[in-house]
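With these hints in hand, go ahead and build the complete structure from the sequences.
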Amino acid sequence: MKITLTLNRKRRTVDVSPLERLLDTLRGALGLTGTKEGCGEGECGACTVLLDGKPVNSCLVPTAQCSGAAITTIEGLAPRGKLHKLQRAFLECGGAQCGICTPGMILAASALPDRPTREQIRTGLAGNLCRCTGYEKIYDAVGVALGTKK
Amino acid sequence: MKSPVRQFELLRPRTLREALTMLHNESGLVPLAGGTDLLVLMNAGTLPRGTHRFLDLWGLDELRSIRRTLIGRRPQLVFGALTTFTDCISSRTVLRDLPILAQAAREVGGPQIQNRGTLGGNIGNASPAADSLPVLRAADTELVLSSVAGERRIPLADYFTGYRTSVRRSDELITAIEVLVPPGKQSFRKVGTRAAQAISKVVLAAIGKRIALGSVAPTVVRATSVERYLAAGGSEFETARELLTDDIHPIDDIRSTAAYRLRVAQNLLGQLPTFQR
Amino acid sequence: MKCVGKNVLRAEGEDKVTGRAKYIDDLSFPGMIYGHTVRSSVARGRILSVARDPAFDWGGFTLVDHRAIPPGGRNIVAMIVEDQPFLAVDEVRHREEPILLIAHADPERLAEAVAHIEVHYAPEPAVLDLEHATTVLKELTISKGDLEQGFAQADRVVEGSYFTGAQEQLYIEPNGVIAVPGVDGKSITVYGSMQCPYYVQRALRLLLGLDETQVRVVQTTTGGGFGGKEEYPSILAGHAALLACAAGRPVKMVYDRLEDLVATTKRHPARIRHRTGVQRDGTLVAMEIEVDLDGGAYVTLSPVVLSRASIHATGPYRAPHVRVRGRVLQTNTPPTGAFRGFGAPQSQFGIELHMDRIAEELGIDPVALRQKNLYASGDVTATGQRLDGSVSAHEVLERALQRHVKKKRPKKKDGLLRGTGVATFFHGSGFTGGGEVKLASRAGIELTPRNVRLLVGSTEIGQGTRTMHAQIVADTLAIPYEWVETADPDTARVPDSGPTVASRTCMVVGRILQRAALDLQQALGPYRTPDEFRRRSRKLLAKRPALQFIAQYDRPGDIRWDDATYQGDAYGAYAWGCNIADVEVDPITYQARCTRLTAVIDIGKAIHPLLACGQIEGGSLQAVGWALYEEVVMRDGRMANGQLTNYIIPTTLDTPEILVELVENPYPHGPFGAKGVGECPVDGPAAAILNAIRQATGVRLNAIPATPEKIMQAMDAR
Ligand SMILES: Cc1cc2nc3c(=O)[nH]c(=O)nc-3n(C[C@H](O)[C@H](O)[C@H](O)COP(=O)(O)OP(=O)(O)OC[C@H]3O[C@@H](n4cnc5c(N)ncnc54)[C@H](O)[C@@H]3O)c2cc1C
Ligand code: FES
Ligand code: FES
Numbered sequence: 007m008k009i010t011l012t013l014n015r016k017r018r019t020v021d022v023s024p025l026e027r028l029l030d031t032l033r034g035a036l037g038l039t040g041t042k043e044g045c046g047e048g049e050c051g052a053c054t055v056l057l058d059g060k061p062v063n064s065c066l067v068p069t070a071q072c073s074g075a076a077i078t079t080i081e082g083l084a085p086r087g088k089l090h091k092l093q094r095a096f097l098e099c100g101g102a103q104c105g106i107c108t109p110g111m112i113l114a115a116s117a118l119p120d121r122p123t124r125e126q127i128r129t130g131l132a133g134n135l136c137r138c139t140g141y142e143k144i145y146d147a148v149g150v151a152l153g154t155k156k
Numbered sequence: 004m005k006s007p008v009r010q011f012e013l014l015r016p017r018t019l020r021e022a023l024t025m026l027h028n029e030s031g032l033v034p035l036a037g038g039t040d041l042l043v044l045m046n047a048g049t050l051p052r053g054t055h056r057f058l059d060l061w062g063l064d065e066l067r068s069i070r071r072t073l074i075g076r077r078p079q080l081v082f083g084a085l086t087t088f089t090d091c092i093s094s095r096t097v098l099r100d101l102p103i104l105a106q107a108a109r110e111v112g113g114p115q116i117q118n119r120g121t122l123g124g125n126i127g128n129a130s131p132a133a134d135s136l137p138v139l140r141a142a143d144t145e146l147v148l149s150s151v152a153g154e155r156r157i158p159l160a161d162y163f164t165g166y167r168t169s170v171r172r173s174d175e176l177i178t179a180i181e182v183l184v185p186p187g188k189q190s191f192r193k194v195g196t197r198a199a200q201a202i203s204k205v206v207l208a209a210i211g212k213r214i215a216l217g218s219v220a221p222t223v224v225r226a227t228s229v230e231r232y233l234a235a236g237g238s239e240f241e242t243a244r245e246l247l248t249d250d251i252h253p254i255d256d257i258r259s260t261a262a263y264r265l266r267v268a269q270n271l272l273g274q275l276p277t278f279q280r
Numbered sequence: 002m003k004c005v006g007k008n009v010l011r012a013e014g015e016d017k018v019t020g021r022a023k024y025i026d027d028l029s030f031p032g033m034i035y036g037h038t039v040r041s042s043v044a045r046g047r048i049l050s051v052a053r054d055p056a057f058d059w060g061g062f063t064l065v066d067h068r069a070i071p072p073g074g075r076n077i078v079a080m081i082v083e084d085q086p087f088l089a090v091d092e093v094r095h096r097e098e099p100i101l102l103i104a105h106a107d108p109e110r111l112a113e114a115v116a117h118i119e120v121h122y123a124p125e126p127a128v129l130d131l132e133h134a135t136t137v138l139k140e141l142t143i144s145k146g147d148l149e150q151g152f153a154q155a156d157r158v159v160e161g162s163y164f165t166g167a168q169e170q171l172y173i174e175p176n177g178v179i180a181v182p183g184v185d186g187k188s189i190t191v192y193g194s195m196q197c198p199y200y201v202q203r204a205l206r207l208l209l210g211l212d213e214t215q216v217r218v219v220q221t222t223t224g225g226g227f228g229g230k231e232e233y234p235s236i237l238a239g240h241a242a243l244l245a246c247a248a249g250r251p252v253k254m255v256y257d258r259l260e261d262l263v264a265t266t267k268r269h270p271a272r273i274r275h276r277t278g279v280q281r282d283g284t285l286v287a288m289e290i291e292v293d294l295d296g297g298a299y300v301t302l303s304p305v306v307l308s309r310a311s312i313h314a315t316g317p318y319r320a321p322h323v324r325v326r327g328r329v330l331q332t333n334t335p336p337t338g339a340f341r342g343f344g345a346p347q348s349q350f351g352i353e354l355h356m357d358r359i360a361e362e363l364g365i366d367p368v369a370l371r372q373k374n375l376y377a378s379g380d381v382t383a384t385g386q387r388l389d390g391s392v393s394a395h396e397v398l399e400r401a402l403q404r405h406v407k408k409k410r411p412k413k414k415d416g417l418l419r420g421t422g423v424a425t426f427f428h429g430s431g432f433t434g435g436g437e438v439k440l441a442s443r444a445g446i447e448l449t450p451r452n453v454r455l456l457v458g459s460t461e462i463g464q465g466t467r468t469m470h471a472q473i474v475a476d477t478l479a480i481p482y483e484w485v486e487t488a489d490p491d492t493a494r495v496p497d498s499g500p501t502v503a504s505r506t507c508m509v510v511g512r513i514l515q516r517a518a519l520d521l522q523q524a525l526g527p528y529r530t531p532d533e534f535r536r537r538s539r540k541l542l543a544k545r546p547a548l549q550f551i552a553q554y555d556r557p558g559d560i561r562w563d564d565a566t567y568q569g570d571a572y573g574a575y576a577w578g579c580n581i582a583d584v585e586v587d588p589i590t591y592q593a594r595c596t597r598l599t600a601v602i603d604i605g606k607a608i609h610p611l612l613a614c615g616q617i618e619g620g621s622l623q624a625v626g627w628a629l630y631e632e633v634v635m636r637d638g639r640m641a642n643g644q645l646t647n648y649i650i651p652t653t654l655d656t657p658e659i660l661v662e663l664v665e666n667p668y669p670h671g672p673f674g675a676k677g678v679g680e681c682p683v684d685g686p687a688a689a690i691l692n693a694i695r696q697a698t699g700v701r702l703n704a705i706p707a708t709p710e711k712i713m714q715a716m717d718a719r
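Chains as they are written, first to last, in the working numbering: chain E, 7 to 156; chain A, 4 to 280; chain D, 2 to 719.
Hints are computed from structural coordinates only; laboratory data are not their basis.
Watch out, some of these pointers could steer you wrong.
[To be verified] Simulated pairs of lysine to aspartate or glutamate, EDC-like, Cα-Cα distance not exceeding 20 angstroms:
no. : chain 1 : residue 1 : chain 2 : residue 2
1   : D       : Lys544    : D       : Glu447
2   : D       : Lys414    : D       : Asp587
3   : D       : Lys7      : E       : Glu98
4   : D       : Lys3      : E       : Glu98
5   : D       : Lys711    : A       : Asp256
[As the list claims (entries may be wrong)] Computed far set for chain E versus chain D, every beta-carbon distance over 12 angstroms:
no. : residue
6   : Ala117
7   : Leu152
8   : Thr154
For each residue, glycine too, the CB sits at the ideal point set by N, CA and C.
Next up, the structure:
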């Protein structure tokens, strides 16, 4: 079936199988491989994208349900050639090690309020697993990017 | 292995009416809301045999609302089936009248799951570990089941018939959840496998002297014997603790043991204000 | 301009934060098809038949079993012992053992086809856990002094047994490769997520009977490894290569999470027994230790895991009389394998719990007991190694005590039981014993008109290899960090620098690179500024294009090792560490939470402090998971909780505050003094946490994970 959605601020129409996962549509027909699959069960958050501004696991969302919706992936977070403040902070603060959780982590973080407390950061990222960092440098990066007071 | 998606069909009604008609006319249609249960099964290749055709509820905005009325002096909250956990967390009405539902919602999965998981799906999935159920059971909850023939109201207490089974007919949808909030102090405690993204090992919700538990029986249960004892004026924890063994029937599984579930359920019971004097 | 010791930007960091980095599943080749593995469903038995449903349309499928291995090739996974086949022939020794491979252009057809294949077995009795295992795959003994004499000097003998469970590495990117057959039909290229491209190359050569020019292996951006991508990718690459050869097309095989969990390696479950002679004042005089590891169905890397486990089994403590007996036992479960720490976390878990038990029996403070026995410069280890320079056992403990106490929490009245526990540990950097000499690793530098390019087989798997190597070379050459780039790990382009394991990539390979840099400097002649460096390199290049300087490992100083007697210098250098853990136990739910973990570790020199801290924080959290949450539930020889929803690793909300402090006690033969850092952080936290639980609750657990169910049982038994 044909589905029209707004992907990273551009309107796109894709032809998908009715229960195709948004994750597969993004990585396949739409050619954006920045969104990762770590489990396919909603646990790891590596596949996190923003659906109408809210973080969701794209491995659990049928593309067909995104008709008319706005999707943001890691590729669309900042204008081409620029880094979003979260991306810069992850780079500078050591928030990305192997990097496989990073796109999802950054998108989940992008939904946090300004100047989040460390508790808010932890709660906001509770749906994203990272096996490399122990999360500390991720909290630092998010704090730096979003203006958390030390 | 992931189920081949090619085999699946999705019907996309624009209105509830249309949805009910589709359900009526075609057999084997499975309602699909936020997909946080169904897509996990699809990805794991473990959908029940014969599940091929889905009915997409996600677009039915008329099922997305939280309304409050007063019945006598008791507040009644009416949730559309598509109310998400995030909706519960951010609803001022819920925070005021049924704060333990917001608390339960906050402890569901992580933000991504809360943004997609619905109350209707939590009930429809009929898992004994569903976290909203003990809260709804501790209150007076009725489910509105709709079909082309009309609506019927079923008390949540009568909805589940056993492990993952219910009285819902295949041509019916859960359209609303009506929760009459009894007076009394509310409390909720989830004991899961970890602090987030956790399946419950034991959940206890209480409103006044009404006590409901999850993950300790084939369906959510009320601690009927304990409640009867309390209603008759009993207040000894030791007695209540023994009585609880009649009310729940926990099992061993890969996540925990029956012994642990029973003990923790008893301990949670002991934390209720009634026994904390 | 110096960049060593500074937090320069991670070399490949921008690609990772923008999503541009290409992991194996992000790649695709023209004509590529998808492969899948059909695995055994019994723990042990003979294969009677493999049947395909004749009613199913098999058109377009490629199917491969052991008979497809070309003449000249061998059905053996190249490792230490030749016992493991790529594909079962007529028997299976564990659940999920590969039997048949199948590929198709459409992954959905593949899923359909798998349901139409049936394997019939004649099951045989299986041994499913360490408790019942009797077949010994490897045994070794380390002796020092005279144990009997030691026990005779003791005022007291303290005994204890300790158990650790299997642990999944749980890299977030599952294992995956793509095999691309050569047009000549006689060569193959494999791309994939892996730690050791040259291991994979060796395995493919043996499997296919090809030489090194015919097998090319390229590491793609790798989403975590932790040992789980050390030896396993050899098997997966072999499978994809067999399918690719048979189909004549590129074949992608990427495991889904379930397959990755149930079929690939885990940390060895262990049983550690201690019998220790101590004097009244706490002096250790005799240590008798037994280390038993569950190796699973095949030998794989177990002998070397055992050797590291056994050497570390005494902990960082001096004792005149020691005997360690280590064994790997066979069970009919999927082979266990490399996991960060490589046996040392298991054996040091044992000794660190045991030290607290000794302290308690003697009525001595556990910290004081440690202080009394910790290694100091001049002490001799169980293998007879004299520790001179760079011994920081006491210092890390002192600093951890200072650091931890400084952040005291106000007492709360919330009914939670609180305790604090300590663990001290050490970790040998690099391969054990003569391993590095045997490896004879090589790495080098290529001079280009614009910069220098590192040619190194070590892989970036998140730990910061590229960044740290570039820093070492930049400072050695006194040029800017930005001028150093790194060639992709590709066996056709870079030399074999040995595997990316064993905390050797900085200390050992970094040192080789440094020596290559010195060779380059020699060739250039003296220069004073980076610009002059550039002018001189261009001049040199004008004469000789593509200039490479490859250096080889050379044994530093007078390190000696005897494999037959297990005596000598087990490691060139050791990292030293101390953990202090605060734990809260909820008496209502029996859940233990680690709320704060201090980690003080001597790594010689932090080439990149931020990366080093990141290694310590990440490793520490893996150990917290191992201690409290991570349980591989086995049923009939198969992991029963093969989903992330049931195999529990810590989320942000389960994570303690982790306080890291680096100590820099340099090792003269490491680059800028650096020792290993990657594995050491995993050695201590589990014991520190269990010791804290003991203090909080009064119960002594001797097994991990310390799940609430186990804590409840132990509290009941009090
Ligand atoms: C990572 C993860 C973590 C989770 N954590 C928790 C948790 O902590 N606590 C918890 O309780 N749950 C948890 N869940 C389960 C799930 O999110 C909830 O059960 C959620 O409420 C399901 O809602 P949904 O709309 O996504 O359901 P769907 O998957 O769309 O549907 C679930 C079932 O309900 C039926 N259904 C849906 N809507 C209706 C309707 N209106 N009428 C009739 N039948 C209907 C469907 O046919 C299906 O059988 C988790 C899931 C995941 C993947
Ligand atoms: S891949 Fe979607 S949550 Fe893990
Ligand atoms: S950086 Fe590797 S999983 Fe997070």
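Now for the hints, and whether the structure bears them out:
1. D:Lys544 x D:Glu447: 15 angstroms, holds
2. D:Lys414 x D:Asp587: Holds. D:Lys414 to D:Asp587 sits at ~12 angstroms (cutoff 20 angstroms).
3. D:Lys7 x E:Glu98: 12 angstroms, holds
4. D:Lys3 x E:Glu98: 18 angstroms, holds
5. D:Lys711 x A:Asp256: Between D:Lys711 and A:Asp256 the Cα gap is close to 15 angstroms, so the pair holds against 20 angstroms.
6. Ala117: Given that every Cβ of chain D is farther than 12 angstroms from that of E:Ala117, nearest at about 14 angstroms, it holds.
7. Leu152: 15 angstroms, holds
8. Thr154: 15 angstroms, holds
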